[in-house]
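Novice: If you read the sequences in order, they're chains A and B.
First residue of the first sequence: 1, per my numbering; consecutive thereafter.
First residue of the second sequence: 332, per my numbering; consecutive thereafter.
By construction, these hints were calculated from the structure, which means they are not laboratory data.
All of these numbers come straight from a predicted model, not from anything done at the bench.
There is no bait here: all hints are sound.
Sample of chain A residues at the chain B side, in silico, Cβ under 8 angstroms:
1) A29
2) R30
3) L164
4) T184
5) V187
6) R200
7) L201
8) Q204
9) K296
If you want the footprint, here are the derived chain A segments under chain B, 3+ residues with CB under 8 angstroms:
10) 31–37
11) 193–199
Each residue gets a CB set at the ideal place from its N, CA and C atoms; glycine is no exception.
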Amino acid sequence: MEFRDYYQVLGVERTATADQIKSAWRRLARKYHPDVSKEPDAEKRFKDMQEAYEVLRDPEKRAAYDQLGSQWKSGEQFRPPPDWGNGFEFGGGRGGRGGPGGGRRRRAEEPANGTSQDGDFSDFFGSLFGGGSPFAQHRPRGGRDHHARIDIDLAAAFRGTTTLLELKRPELKPDGTLEVRTHTVRVTIPAGVTEGQLIRLAGQGEGAPEGGSAGDLYLETHILPDPLYQLDGRDVTLTLPVAPWEAALGASVTVPTLGGPVDMRIAPGAESGQKLRLRGRGLPGQPPGDQYVQLKIVLPPASTPEAKSLYEQMRSSLDFDPRAQLKGTHT
Amino acid sequence: MSRTPPMLTAEVLTESHWIAVTQLCELCRLDLAAVEELAELGVVSPRQGRAADWQFPATVLPRLRIVSRLMRDLGVNVSGAVLALELLESQRALERRLRALEGLLAAER
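Assemble the whole structure, with the sequences as input and the hints as a guide.
Specialist: As structure tokens, this is what we get:
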């Protein structure tokens, strides 16, 4: 696994005081919070910061981390020392949040859980401070629930999908050292999930070491932006280009929908920006969403003699003044 | 040698799922007092009765989880987090409208 320089992540010196660390965290959290931030890599940055702060805010974890020495560089290959955690007393009531172990995001190198959920942190963190390490909190009862995020594209949200999910679990090896192991499971996501919904995977959260029942894993859905459709709840909006004569005279046009193309009638006299509704053609659900079709009148270019001549004909035979409404207002 | 990974049963929490306030608190990592304050602010509308007996449709979860994350990570209180949530929602709605309008203006390829 790769070493992580937590001081670098928070942009503080190794000698920084607890207050300086806290203020660096607050400043960065405000900037990179994934619910608020517009920074492109906000999610990853926030998670890295959160992991760094988790260690540096806690005097015991910070002292242990500092003992690794300052010679390590970010990204260097690293193995925890065999005597890791020796010499520390582990009292109750520390502010820590226990081990890693949530899901991993599909199609991403970064662990899932982009936001401030349970500590699904790096392998580096997991091996030093995670469940099973001397720093893990003792949990006598049932296992905890874990939370992770899952990215789903709109087409998959519409028809449902089966996805592979990598789950990380810290496991104690026979020699007493800790290993974060990954196992892959298949999950069928039913049709009609929307943004921010929770999907429960029973019993896939943290294991309960002493006979209690295991926690659940919750996946929070995130629907990826689609090039064609704008999603709002279960409704989708599509912009449909139409020719001027289709708008003026009315037409029957073929419109793409999530479920495949359908025919739609445009009434004569339609205008650019006008919205038509295809009821029930959004994401499935109770009730299903609708698809809105926003018309966009597209002009044919006057690029051939024929096209030019048609435009000239319109100019001479139509009594049309596009600026009629401006007359007499400011002249 | 690759084996087919085991299939898990996924259960989506939709509007047909009603969850008890204790479970809501766990899922959103909020305490009961915060949920009561959210009810007072109209963010959730529990049915009558004691707060400990409240039930909510699972559709309230996404918003409450954002509120909770903002409170926890940015150190704002319930009112501040709700204010931020509502501003974020209105910003997203405006961005959706803006994108739709830009789609009308953009030249065809």
